[in-house]
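Q: Listed below, chain by chain, are the residues.
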Amino acid sequence: MAAPESGDGNNGAARMVTLISSDNTRFEVEAAAASLSQTLQLTILDGGGGGGDGIPLPNVDSATLSKVLEYCIKHAPAAANGGAPNATAVDRAELERFDNEFVNIDQSVLYSLIMAAHNLEIEGLQSLVAKKVADMIKGKSPMEIRRTLGFPDPTPEEQAEMNAHMLEYGWAYE
Amino acid sequence: MDRISSLPDELLRRILVSLHSTRAAARTSLLSRRWRHLWTDLPEIVLGSDDAAPQPALFIDLVDAALAASSTTRPLPRLEIVMPSSSYISSGIASSWLRFAAQHVAGTIDIRLPAQDQPYLDNISPVELPACDRATSITIVYGRWWRWHPCLYPLPGKSFAALTRLTLHHTRMEAWDLETLVSSRCPRLQILELRSISFAFARRPLSLRSGSLVSLFFYVRGTLRLDIDAPRLEELEVSCDVETHIISAPKLTEVKRRREDSLALNCITSASLIKLTN
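Chain order of the listed sequences is A and B.
Residue numbering for the first sequence follows my numbering, beginning at 1 and increasing consecutively.
Residue numbering for the second sequence follows my numbering, beginning at 1001 and increasing consecutively.
Some clues are possibly wrong.
Below, computed lysine to any residue pairings styled on SDA-like, alpha-carbon distance capped at 25 Å [said to hold, decoys possible]:
1. A:138 - B:1169
2. A:138 - B:1256
3. A:140 - B:1256
4. A:131 - A:25
5. A:140 - A:100
6. A:131 - B:1256
7. B:1256 - B:1169
Calculated directly from the structure, the hints in this document are not laboratory data.
Everything numeric in this text was worked out from a predicted model, so none of it was measured.
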């Protein structure tokens, strides 16, 4: 778990980088974990993020960034093994358990996460959140989807439009 | 308030793709005006494999409606249609789906059709396969072999210029059409998988020439002899009853021979290896 830390928490050989959220919280994390982000990887390869500099992430707030880093730290060892072709079944099961629990969160956090994963280009996290939201939609009627996703009740006008539309899209509902 | 609508279209589409069901994606078109056309512009059309499948009789209408409503302004990376096993499809409709695929798919075409277990009149005509010049992988599979299956007929025309993988199961073809398809119309074909293929007419020797083929799985009934000229071929599996003549395949070290059970669904029942002696 990545908690905000001061700049000099390097307690091993692993290279550390500092990330700065939009609300100016500093996160120190292993370069290998941060490099799950394609965007950050380039900066880190160029030697950025070390020392007192830090990499500013103006689009990601500290709550979201802490969650993103939790994912990256957990997935970094497997990613370092090149997608973990030689990972044991136990390791994979553990990652799966982590993933399932990780996305068991409030919808608004899910959307912040998928935006951050998109901006930071973290492919695995994008897929994970997209799948979670898809699972919330799957097998539901349009009204159930509206309720699940927190859409306001349709106005009479919208309702009429929906009914007409539903006739046209009968094949999707039968 | 629905916070999901704060996401850009690109991410909403990504969520819809994760449904792996065009039908489920289309249901979101009712959420609001903004969602109305999002589903029509996804990189894949997936019908039937998942989601609560509709009644078999309605399935054809469902596919036709979904194909008609999908945006076709951009090439489609993937088209997947899996028909319910207890349904029936005429040659004409199967041909129309393949026409859509040929026109729009730049990527994978995967069409799984049910076994045709009765001599329907409209299956006397062949299922027509137009040249799919942007498809990289084509799979056409019938549920299991049945003698009433219509013949698959590759229409003359352009080449299958991008095709690297072709998989046909439980299909009937003309020997001549198969030879021409592989030998002169698929310049990039690397993997050819033919399982439970039967020829429409008499038993005859078959000759395959290909400068690109790497793997060949050859289970074609009624073939007496197979002549192969494929300089890049590395992997070859043939059914036991086919006499195999390698004209040229310098990279090939062994031929795997298996017996294809005439009734079993998954046709492989035994395996034996014969070292090539040349």
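Q: Evaluate each hint against the coordinates.
A: Taking the hints in turn, this is what the structure says about them:
| no. | hint | verdict |
| --- | --- | --- |
| 1 | A:138 - B:1169 | violated, 31 Å |
| 2 | A:138 - B:1256 | violated, 44 Å |
| 3 | A:140 - B:1256 | violated, 48 Å |
| 4 | A:131 - A:25 | violated, 30 Å |
| 5 | A:140 - A:100 | holds, 21 Å |
| 6 | A:131 - B:1256 | violated, 41 Å |
| 7 | B:1256 - B:1169 | holds, 19 Å |
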